[in-house]
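Here is what each chain is made of, one letter per residue.
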Amino acid sequence: MPETISPSEIKKVVSLSKLAFSDTEIEKFSLEINNIITHFDKLNQLDLNNVSPTSHISWRQPPTNPDEPHAWAGREEVISHAPAVVDGYFIVPKVVDKQEE
Amino acid sequence: MEKCFITIGLEVHCQLLTKAKLFCRCGTDYIGKQPNTLVCPVCMGLPGSLPVMNQHAMKLAVRTAIALHCEVLPRVVFHRKNYFYPDLPKGYQISQFDFPIGIHGYFEFFSQGEKKKVRIKRVHIEEDAGKLVHEGPNLPASSSGVDFNRCGIPLVEIVTEPDLHSPEDARDCLIALRNIVRFINVSDGNMEEGSLRCDANISISPIDGQMGIKVEVKNMNSFRSVHRALDYELQRQQKCFNAQQTIIQETRHWDEIHEVTVPSRGKEEAEDYRYFPDPDLLPYLIQTDILEEIKTTLPELPLERKERFMIEYELTEPDATVLVQDKALADFFEACIKELNKPKFIANWVITEVLKNLNTLGQNIGQSKITPSSMVELLKMIDKKEISGTIAKSVLEEMFQTGAKAKDIIAKKGISFINNEKELEKIVRQVIEQNPQSVADFLSGKEKALHFLIGQAMKVTRGQASPEMVKNILNKELLAEG
Amino acid sequence: MNIESVKNFTIEDYIHGFQKKEFSPSEITRLFLDRIQDLDPALHAFLTIDEEGALKRAKDLEDKKFSDAELPPLYGIPIAIKDNICIHGLQTTCGSRILQNYVSPFDATVIEKLKKAGVIILGKTNMDEFAMGSSTENSGFRPTRNPLDPERVPGGSSGGSAACVAALEAPVALGSDTGGSVRQPAAFCGIVGLRPTYGRISRYGLVSFASSLDQIGPLTRNVSDTITLFEIMSGQDERDSTCAPYPPFSKNDCPNEDDIKKMKIGIAEEYLTSGVDPAISDKIKKIIELLSEEGFEVINVSLPHTDYALEAYYIVAPAEASSNLARYDGVLYGYRYDHPINLQEMYTQTRSFGFGKEVLRRIVLGTYCLSSGYYDEFYLKGMKVRTLVKNDFDQCFQQCDILLTPVTPCLPFRFGEKSHDPYQMYLADVFTIPSAMAGIPAISINCGYYDNLPIGLQILSAPFQEAKLLAFSTYLEKRLLVPAPFIETIADRKESL
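From first to last, the protein sequence lines are chains A, B and C.
Counting along the first sequence from 1, when you hit position 63 you're at 63 in the working numbering, and nothing is skipped either side.
Position in the second sequence (from 1) plus 1000 gives the number in the working numbering.
Position in the third sequence (from 1) plus 2000 gives the number in the working numbering.
It is possible that part of the hints are untrue.
[What the hints assert, rightly or not] Have a look at the derived ranges for each label pair, beta carbon to beta carbon:
1. A:Pro7 - C:Glu2417: 24 to 34 Å
2. C:Glu2417 - A:Leu31: 14 to 24 Å
3. C:Arg2142 - A:Pro7: 28 to 38 Å
Hints in this document: simulated from the structure, not taken from any laboratory.
For every residue, glycine included, the Cβ atom is placed at its ideal position computed from N, Cα and C.
Use the sequences and the hints to build the structure in full.
Here it is as structure tokens:
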């Protein structure tokens, strides 16, 4: 486990989360997050080698949907409350970079 | 590079043929619909919404995995792929990571006459994203519009191992894969409509069996593009190698207009998707009886069907191959056989005349105006020699164009069935009377004269008689003469 | 009638009153709306008060002229709803500026059930932003005061709902519990708060914070009302994959007094550490003595991984939250930064501006724990420790029927007391987190006061054993006879808030 996370690593994570902070804020965050992370070191006292992870609290088989379409009537409401709509499209600043899928 | 070892792997996405989306009850027929009309809180990612899996979509994905000879994993586990993009309303895509539907599969296909085998790395299920538009009549400048109709449509992703070694192989592999997903009724597999999409990874190396630096190629929107894009990329990489430039590991997209691949913008560092199991979707155990049901109801695969055609109907390999190129065509062929049990005869007409008409009209059999019944009606007439082959061809052409039935076309055109022996005898005697020289020639041993006389009789009947019948009657009459 | 006359009412009492025509839903609604008008300017429990809607609803119910037999089970009962539960047509802000004017186009499943049962929704209550906090000081708008001592916090994140019920601005309310956010404010405000078994109440319409931990829970002035609400709200929901396909809870499932007496009570040494305020541990020890004297078998049990649950929680919960909160990007709903120069700026400014400090902290922490190279170190480890914590409880409930613990290590603290160090605030949940990680049910009931500050007692049981837990709580409530809080007014304090 790393002893501390550097401000540059914090910057990377901040960017991944689509946030933006000033340098002073980044420094403050670094301190706070490092403070929290040092507590996580306690978990290394445990032997977790043969422990399987709990990814879900699952009591039984989950429900599934039938393959039958069912229209939802609330579309107009969503459009009327959206920040920007033109001709039924939700408007955002122009997307320049081509990304996945 | 003197000798060049090429390695290509494909990543193929197919939209599944379900009526509802993968995690909500919205319909899937989004093409041509007004934007944001096939939406609900779930596929728009509204606060408080939760996903619930469409069971039929899961079954189709399992069916795909089985058709590709994969090992099907017992539990369906979804992972979140986290990234930001306007067409992704939740800020993550529900996909699969550690536990895909199927692993370690393979399938065989033909490329340039050779049978090839491709291993399948994985088959998994995931939701599609929405669509972006960058131009529109009222769209403000420097804006894009988002439409969530497509968001949440179920996709199956098929990833091959890098077992392909030429752009032609890659194209043919993709065509075969498309054929498979159509044969098993899992997807439309239509690249033009976007229900089949393909990305490829390609690398070259001077050492046989070794992989070079992988370059990802995207935005290939047809089989032809796949071929050309990979061909271009191959040459580009070879040029780099020869000029001793390093080939950069990157993503490039195919520019259809300029016919080059260009580096994708905004991809300086690899995106970190932070995959983790989706806590909103509990692992779903595929019960044994469901798995068995999917296995036993698996529709016949293209290669299997081809082999059956060769055995059951005694068709040649080339003929059988043509018939299984398109599932609908193969179905049409067998539907005809049900009504008229003459497979080779039917195969001949389907492969030549039916395909010719389809090509002329730019249709596939599903779009055409003929049905197995109407086809068989015509074929029966040909078989019974009620009309000539030539006439039949033109009737068929009209059937394709108008959808009218054979009998109606023939009646309208005034093509009557001159299969009345008595009537033909009359005509033949007339011809004999009018052509004494030819008759004499025939009787003195000139075979050609017979053909001339047949020709004359056909002229009188305006081609509407059966030449066989005319020939027989002529022979009879001439012998009587002689 | 006045508000004091209903201070000890149960839902049954209201229903009887309606049936006997002693009062009407409109009168009761008016009573509570006046109470809110009186107290809330100082208390700040509510973010939205739907006076018009509530009165109209009351009238509509009355116009239906139900016969006694037809009367829906929650007919005319006023309720306040935590602002992270969606109600069609009302604002749902989650205590955040990023959803400041967001109006939900659909009802949460629990809201559908409650409306069908006849409730009258008074409004939406204040909370720590996106349920992240233990004091309601993290609300993006303003903090809520503890009605029992206005200089102290009501707890969090369901502080608004808890304060509202303690101050009798509504007889019952809904909250949500991820690591203790129903139980801890219930303890701080002297009322009852239930966290059901994970999956027992549908999460459809509950805005997600940490999906594998979030549960909706009722906040009430007595155990009977918790039982009544739990019956209505529980049960499978086809719109929530994590909602267990079990039938709704029924009070008929509860054991009778003889069987209650036979229940084995577990006491875990890990929960009675030196870190607990002596006022709390003394109180609990006295209760245990009392129960022993009454003939209950009290067993010492060990939950050895209790001490690691908090750290694991603060890996797992922020990780899930960082993903759940990615949808708040200004595209489709909520706040959007004005005049961004490009898409990137729209995202980053909307989010950096719209989210408060604690939320930002947890998003960054959570993203880090999931990021490439750190997943195994953090998230995977967190999930493994979760297994150990869960196993602890499984083993424990083979030896005993219920477990008794404190709810919090401290009495309600003052505003600002724990804000300087996030981790100090996290420690407030040290006794409520383990049960949330394991998905087991737990309730907080008021077991007494110290210096006019309430002390909460936590009762836990095995998954789906709410019957045992609620029966025992009813029994204990009758034995302890701790009155539900009632205050005349919110005492004047400095405007430091």
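Now for the hints, and whether the structure bears them out:
no.: 1; hint: A:Pro7 - C:Glu2417: 24 to 34 Å; result: holds (30 Å)
no.: 2; hint: C:Glu2417 - A:Leu31: 14 to 24 Å; result: holds (20 Å)
no.: 3; hint: C:Arg2142 - A:Pro7: 28 to 38 Å; result: holds (33 Å)
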